[in-house]
Each structure stands twice: as C-alpha cells, then as structure tokens.
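Keeping the supplied structure of chain A fixed, place chain B upon it in accordance with the hints.
So the protein sequences, as listed, match chains A and B.
To get my numbering, take the position in the first sequence, counting from 1, and add 12.
To get my numbering, take the position in the second sequence, counting from 1, and add 12.
For the record, the hints were derived by calculation from the structure and aren't laboratory data.
Source: prediction; values computed, not measured.
All C-beta atoms, glycine included, are put in the ideal place defined by N, C-alpha and C.
Where hints are given, some of them may not hold.
Said to hold, decoys possible - Quick list of simulated restraints, FRET-style, between CB atoms:
1) B:Tyr31 to A:Arg34: 41 to 49 Å
2) A:Glu167 to B:Gly123: 19 to 27 Å
3) B:Glu171 to A:Glu20: 49 to 57 Å
4) B:Glu17 to A:Glu167: 46 to 54 Å
5) B:Arg57 to A:Asp52: 57 to 65 Å
6) B:Glu171 to A:Glu17: 52 to 60 Å
7) A:Arg149 to B:Arg178: 20 to 28 Å
8) B:Glu17 to A:Pro25: 51 to 59 Å
9) A:Arg153 to B:Gly123: 22 to 30 Å
10) A:Pro101 to B:Gly23: 23 to 31 Å
11) B:Ala46 to A:Arg149: 35 to 43 Å
To be verified - A short list of chain A residues far from chain B (calculated; beta carbon distances all over 10 Å):
12) Met13
13) Ala19
14) Arg21
15) Pro27
16) Thr28
17) Tyr31
18) Pro40
19) Ala43
20) Ser48
21) Pro71
22) Glu73
23) Lys74
24) Asp80
25) Tyr103
26) His176
Number of protein chains: 2
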Amino acid sequence: MRISELAERSGVPLPTVKYYLREGLLMPGVATSATSATYDDTHLRRLALVRALAAQGLPLEKIKTVVDLVDHPRDDLFTELGRAIAALPPYVGDPAGPDFPRARRLLERLGQMYDPRFAAVAQLEHALAALEAGGLRMGDRRTDTYGRHVLAIAEVDLELLPTHSREATVEAAVLGTALYEPVLTAMRRLAHQHLAARMFGNGEPAAPGGEPDRPDQQEQQ
Amino acid sequence: MRISELAERSGVPLPTVKYYLREGLLMPGVATSATSATYDDTHLRRLALVRALAAQGLPLEKIKTVVDLVDHPRDDLFTELGRAIAALPPYVGDPAGPDFPRARRLLERLGQMYDPRFAAVAQLEHALAALEAGGLRMGDRRTDTYGRHVLAIAEVDLELLPTHSREATVEAAVLGTALYEPVLTAMRRLAHQHLAARMFGNGEPAAPGGEPDRPDQQEQQ
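Chain A with its partners taken away, still in its complex shape (with noise of 0.2 Å):
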C-alpha cells in the first residue's frame, strides 16, 4: 500500500508517521521508484505497536530502545526481553542503595530467581519502600498469596506468548507487560468492590456517588 493508505489504515496521521520514518521507529517501505515506496502489514503492526506504547507515557527514545531490540536482536531472546522490558515505565532511581532489601526479602521468600539488575527489582524495592512511608507493610500472609497468584498469572501469560516467530515473541511480550498492567489493576479495583458488595451491602453493588441501583445486565445472568 502507499503511504497515504498506511496512514489511514492506522489512524496514525500522516505527517506523523513520516516523522515515526524519519526517526527510525517504523521501518522503510521497499522503494517503487525515486520518490515513492510500498508498504504492508509489518508496517501497520510496527504502528501499532509504536503508538500503544506512546500511549503507555513512553517517550520516543525508550520506543526507540524497544522497536531497536525487536528489529536488531543481538542476544538470546532472553536477554533481549529483559532490555525491552527494562525500556517500560515506571522509571525508578535507587531508592535504598544497590541492595534492594526489601525485594530480595521478598523474592527469597518466594524462592524466585532474580537477576538484581533487572529493572523490576528496583521498581519492587520502589513500591515497598513507598508502602512503608505510608504507614503500611506488607506481611508473609499478603507475601505468600500475591506471589502464588501473580505467578499462575505469569505463567498463563508466558503460554499465550507467540513464539512463530522471534520479532513476534518480543513485541508481544513489551505490549503484554505493559497494556496488561493496567488491566489487572482495574481488574484487582473492581474485585474488590465485587467482594466488599457481598460483605457491606445486601448483595447488589452500591452506587459510589449515587443511589443504589441495579443495572439491566444484572438482572439477565
């Protein structure tokens, strides 16, 4: 397809994805003549992917880290995941020296292995340290359970994780990790709000910022 047609295919506008061109973060199409190229659906799943993570908050230059790793692989795969995944928000410093007591606590008691210089041990060390400044701490009851859960969630997400090809299976992996946080978040929010309906209230969801009621869908399971 011509690049007018990518465009609008995409949804991405047009003076952007020529920019997205210029800086590398889509590939070339195969030139047609001096002035003009042809494009395809690596093109529209390479956009895609590029504005799902501008839209996660990343700035150019970690989209630039992620689509780099997944064009130019230079590692094992395994490797390769942890950069790109490295690449995601949130962007943590070193909150309690190169240490993090409280992940490796943690992670010890689950009996994970880790490599400490994987970014997501200094954002667990992060969200620890920020419990404790609230007052909270997160016990071995809590520790046991959430590790228990977030693995059998782990390893569904693993299954699932296209392995035709290597391109695919780090794309899909950047993506998962980061569209899927927020999914989980709001999943764990509105859990909540199912379980506290049946310990607080007569078994129908109250209305945060309203009058109880009961929605239509309720009524047909």
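Here is chain B on its own, set in the frame of chain A:
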C-alpha cells in the same frame, strides 16, 4: 508534640506541614495557647497518608477528597470506599461511549457484581481498548485465569483490612489500593523473569544488560 516536632518526626518540612494545615489536609492540633497547638499520632498518620498519596501522583485536590471522606463520613462505608477509590489515578475519560462494552463483557463472564458508575469500570474499559489498539485481544482463557487469581488477591486484601475504626478502614483501603498496585505489577514482571529463566535459559537468571551471572543470594538458598 509541638508542630516543629511533628515536622521532624514525619519528615515533612515545617512550611509544608503549615500549608497542609491551611488547606485542611491536616486536621488542626489542640490549641494550648493563642499561638500554639499540640499534635499527636493521628497527625503523624495523616501526614504519612498525604505524603503517600502525593508520591502516587495525586494532585492536592484529589488528596483533599480522600481526606474529607476519611474525616467526614456521610454514607455507608461501602459507598465511601467507592468515592475514595474513585479519587485515585488513573483518571480516564470515557473511551468508548457510556456502555463500557469490553469491561461489561469481562465482568459478566466472571460473574462479578459491579456498578457501572464505579470509576474502575471506566479504567478497565480504557485498558481493554488500549490492548486492542495495540493489536492484542484478551481471550477467554486469559480472562478466566486473571479473574480467578485477582479475586484471590482481592480476598486477602479485604481480609487484612483493619476494622477497628471506620477511619482506619477507609485509610487502609485507599492506601492499599494505591500502594499495592505497583507492588503487583513489579511482582508480575519478576515472575515472568523467573519463569522465562527456567524456559529459555539454563536455569540461571540471565543478566539483562550484562553477562549472565549468578548472584550470591541465589547460592545461599
């Protein structure tokens, strides 16, 4: 304690403490003279709450909403909790009409009670729409697995909620919602690493961004 000691013990600068007092984020102390007042542990706890919410990126007006709900209960606890949680980010618009079709489908499949006006329904809809924009689709197998395990996590959250006072319950629910979300998402990334090291690697954690190595603490397990 005096206000200077409150500032010192809480780690919040004195001018900020005074600002929080003026804005109503911190409740007044007990006056001991025309120009001084005394503060206690409830003030320390409140400062920890305000700081923790601010660190999560909540603007002051949203923190004030939460604090007002804690201080001035107007409704049943369940409705109050809904309002307080709605003050937390992410603040999403209405991404796909008022119907939230994706979120409804998911919640109905899981058989969960929900109120469509609860902010988390819009958050879930937004997150699912972002998945689609990225070319991903949440299938039934992933929905069911996430649903089951997120519910188990939410159960321990509610079980561990303090119930000795209404104020403590609302405070802990709001803080627990906000502060455990980054813990969960970091734990998921680390669970991926743990599983991927077993799948792709040689049983040792490979090193993203460096030579594979085996950290000392792994040896000690």
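Results for each hint:
1. B:Tyr31 to A:Arg34: 41 to 49 Å: 46 Å, holds
2. A:Glu167 to B:Gly123: 19 to 27 Å: Distance hint for Glu167 (chain A), Gly123 (chain B) holds at roughly 23 Å.
3. B:Glu171 to A:Glu20: 49 to 57 Å: Distance hint for Glu171 (chain B), Glu20 (chain A) holds at roughly 52 Å.
4. B:Glu17 to A:Glu167: 46 to 54 Å: Between Glu17 (chain B) and Glu167 (chain A), where Cβ atoms are some 50 Å apart, the hint holds.
5. B:Arg57 to A:Asp52: 57 to 65 Å: Given about 59 Å between the Cβ atoms, the range holds.
6. B:Glu171 to A:Glu17: 52 to 60 Å: 55 Å, holds
7. A:Arg149 to B:Arg178: 20 to 28 Å: Holds, at about 22 Å.
8. B:Glu17 to A:Pro25: 51 to 59 Å: 57 Å, holds
9. A:Arg153 to B:Gly123: 22 to 30 Å: 26 Å, holds
10. A:Pro101 to B:Gly23: 23 to 31 Å: 26 Å, holds
11. B:Ala46 to A:Arg149: 35 to 43 Å: 40 Å, holds
12. Met13: 17 Å, holds
13. Ala19: 16 Å, holds
14. Arg21: 13 Å, holds
15. Pro27: 20 Å, holds
16. Thr28: At roughly 15 Å from the nearest Cβ of chain B, Thr28 (chain A) sits farther out than 10 Å, so the non-interface label holds.
17. Tyr31: Holds: least Cβ distance 19 Å, greater than 10 Å.
18. Pro40: For Pro40 (chain A), whose nearest Cβ neighbour in chain B is about 21 Å away, the distance exceeds 10 Å, so it holds.
19. Ala43: It holds; Ala43 (chain A) is separated from chain B by about 26 Å at its closest Cβ, greater than 10 Å.
20. Ser48: Ser48 (chain A) clear of chain B: closest Cβ-Cβ about 26 Å, beyond 10 Å.
21. Pro71: With a cut-off of 10 Å, Pro71 (chain A) remains clear of chain B, as the shortest Cβ separation is near 17 Å.
22. Glu73: Check passes; 16 Å lies beyond 10 Å.
23. Lys74: With a cut-off of 10 Å, Lys74 (chain A) remains clear of chain B, as the shortest Cβ separation is near 14 Å.
24. Asp80: Non-interface label on Asp80 (chain A) holds, nearest chain B Cβ at 14 Å vs cutoff 10 Å.
25. Tyr103: 12 Å, holds
26. His176: Holds, because the least Cβ-Cβ distance between His176 (chain A) and chain B comes to about 15 Å, which exceeds 10 Å.
Comparing the model with each earlier hint shows no violations; every hint is respected.
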